[in-house]
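Trainee: As a plain string of letters, each chain reads:
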Amino acid sequence: MALVTQNLTTEERIWKLLEEVSDPEIPVLSILDLGVLKKVQVQEDGKVQVTITPTYSGCPAMNTIAADIRMRLLAEGFKEVAVNLQLSPAWTTDWLTSEGKDKLEAYGIAPPVEPNGDIHALFGRDTVVRCPLCKSENTRLVSQFGSTSCKAHYQCQDCLEPFDYFKCLK
Amino acid sequence: MDLHHKPTVDLQGYSPELRALLFDYTLQLADTSLILGHRLSEWCGHGPILEQDLAMANIALDLIGESRSYYQYAAELEGQGRTEDDLAYLRDAVEYKNPLLVEQTNGDFGDTVMRQFLFDGFHYFLLKELQNSPDKGLAGIAAKSFKEASYHVKWSAEWIIRLGDGTEESRRRIQKALDNLWIFSGELYTMTDTEKALAQAGFIPDYSGLLSQWEAHVAKIFAEATLEVPQNVFMQKGGKTGRHSEHLGYLLAELQYLQRAYPGLEW
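Line by line, the protein sequences are chains H and E.
When you line the first sequence up against our numbering, it's residues 1 to 170, in that order.
When you line the second sequence up against our numbering, it's residues 171 to 437, in that order.
Here chain H stands alone, though its shape is the one from the complex:
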């Protein structure tokens, strides 16, 4: 491990370290899986600038994520760490890595599915969401709003499992 990390630049090393910072509301996902970590920059004076982007405008996890990033880097010996929030371009579920989507499903949260038709249309067709437990596609939407901003509430009609769906945002 030490041999490998020695060949990395400081910025690459920081990206690797931040793989250990997870979303406090979905601990199975790292901020890299989520596509929330946008940029890492080390200034000449050694100050580290980290840029993150919120999933939803009011996402209450952002402050915790920023604090966790600082703690992780300070613990690693970086003296000055600033975390900036960037809104544009706006986050989309397209930035979830495919590894992240697999982790979500294994964790019991259905990953986002491409909608049929225009997602911004006033009334789009419903998407088919697969039950993360029994993999049945016979599921129903209970509510477009779930336990966190990024999730909707579904129920499987076959195994009856109620589950969260990480809803598509584009």
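No wet-lab data here; the hints were simulated from the structure.
Incorrect hints may have been included.
[Claimed, not checked] With a Cα cut of at most 20 Å, we get these calculated DMTMM-like pairs of lysine to aspartate or glutamate:
id: 1; chain 1: H; residue 1: Lys170; chain 2: E; residue 2: Glu221
id: 2; chain 1: H; residue 1: Lys39; chain 2: H; residue 2: Glu11
id: 3; chain 1: E; residue 1: Lys298; chain 2: H; residue 2: Asp118
id: 4; chain 1: E; residue 1: Lys324; chain 2: H; residue 2: Glu11
id: 5; chain 1: E; residue 1: Lys324; chain 2: E; residue 2: Glu221
id: 6; chain 1: E; residue 1: Lys346; chain 2: E; residue 2: Glu398
id: 7; chain 1: H; residue 1: Lys103; chain 2: H; residue 2: Glu11
id: 8; chain 1: E; residue 1: Lys346; chain 2: E; residue 2: Glu394
id: 9; chain 1: E; residue 1: Lys407; chain 2: E; residue 2: Glu385
id: 10; chain 1: E; residue 1: Lys407; chain 2: E; residue 2: Glu265
id: 11; chain 1: E; residue 1: Lys324; chain 2: H; residue 2: Asp118
id: 12; chain 1: E; residue 1: Lys306; chain 2: E; residue 2: Glu187
Fit chain E to the given chain H structure using the hints.
Mentor: Just chain E now, with coordinates in the frame of chain H:
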């Protein structure tokens, strides 16, 4: 944790007049989303069923998050050292610029759904256009919030249909909500001097175009919900220029309590 959104907007090319107009307008958008978000948050723990309690709390969170982005950008536009907290917590009712609709009290679930429905259509079509503003600050926030508003607009429209085309009691109550709240819908589209100047300069859309899209949307949903739009009513206005109903004072007393009692406290 001092986590601030840093808009990457170069304001150097803006004249003082343009900055003042954009400040005024950004503040109006901020106030509108904050006040409606606060009203919705009052439902938290009181929703008719758990799923709808969660839905209203989620929509409140989106709106309050949106308002925060606007307040931070407004503070930057003003450039006088005031912060997002000063703007949200230390202005009195007469300085608030939200339209009257969003400060109306929650009433029953039907009243809340109707207030939301009338607003959501306006919000959705406005954000859709505002994403293309040459002002990168407003365009960036609009692009982010438009995605969220796409979910809100579906939620409120579905409830209008469900309640209107539901039982005799649900129809009676949602029709009453429409009769009471319709008079506040006109103000959304009555342009202030600031809005006119910014539309003229091409920074925001002209509201007549938004109005026709909104009218088609609400007419379609009301037809499906078997609801009747009140005819020949006098449209109330004033909120956008600081003339509010008495409800706003009570709302702000609660919203601003902590900052007034403990000045300087940070978000």
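Trainee: Compare the structure with each hint and give your call.
Mentor: How the hints compare with the structure:
1. The straight-line distance between the Cα atoms of Lys170 (chain H) and Glu221 (chain E) is roughly 23 Å, outside the 20 Å bound, and the hint therefore fails.
2. With a C-alpha separation of about 9 Å, the suggested pair Lys39 (chain H) and Glu11 (chain H) falls inside the 20 Å cut-off, and the hint holds.
3. For the suggested pair Lys298 (chain E) and Asp118 (chain H), the alpha carbons sit about 14 Å apart, so the restraint of at most 20 Å is met.
4. Under the criterion of a C-alpha separation no larger than 20 Å, the hint pairing Lys324 (chain E) with Glu11 (chain H) is inconsistent with the structure, at around 43 Å.
5. Between Lys324 (chain E) and Glu221 (chain E) the alpha-carbon distance is near 15 Å, which keeps this suggested pair within the 20 Å criterion.
6. For the hint pairing Lys346 (chain E) with Glu398 (chain E), the CA-to-CA distance comes to about 10 Å; that is within 20 Å, so the pair holds.
7. A threshold of 20 Å between alpha carbons decides the hint, and for Lys103 (chain H) with Glu11 (chain H) the separation of about 26 Å lies outside it, so the pair is violated.
8. Proposed proximity of Lys346 (chain E) and Glu394 (chain E) is supported: the alpha carbons are some 17 Å apart, at most 20 Å.
9. Restraint check: the Cα-Cα separation between Lys407 (chain E) and Glu385 (chain E) comes to about 18 Å, which is no more than 20 Å; the hinted pair holds.
10. As the CA atoms of Lys407 (chain E) and Glu265 (chain E) are separated by approximately 15 Å, the hinted pair is consistent with the 20 Å bound.
11. Of the supplied pair hints, the one linking Lys324 (chain E) and Asp118 (chain H) holds, its CA atoms being roughly 13 Å apart against a limit of 20 Å.
12. At most 20 Å may separate the alpha-carbon atoms for a hinted pair to count; Lys306 (chain E) and Glu187 (chain E) meet this at roughly 17 Å.
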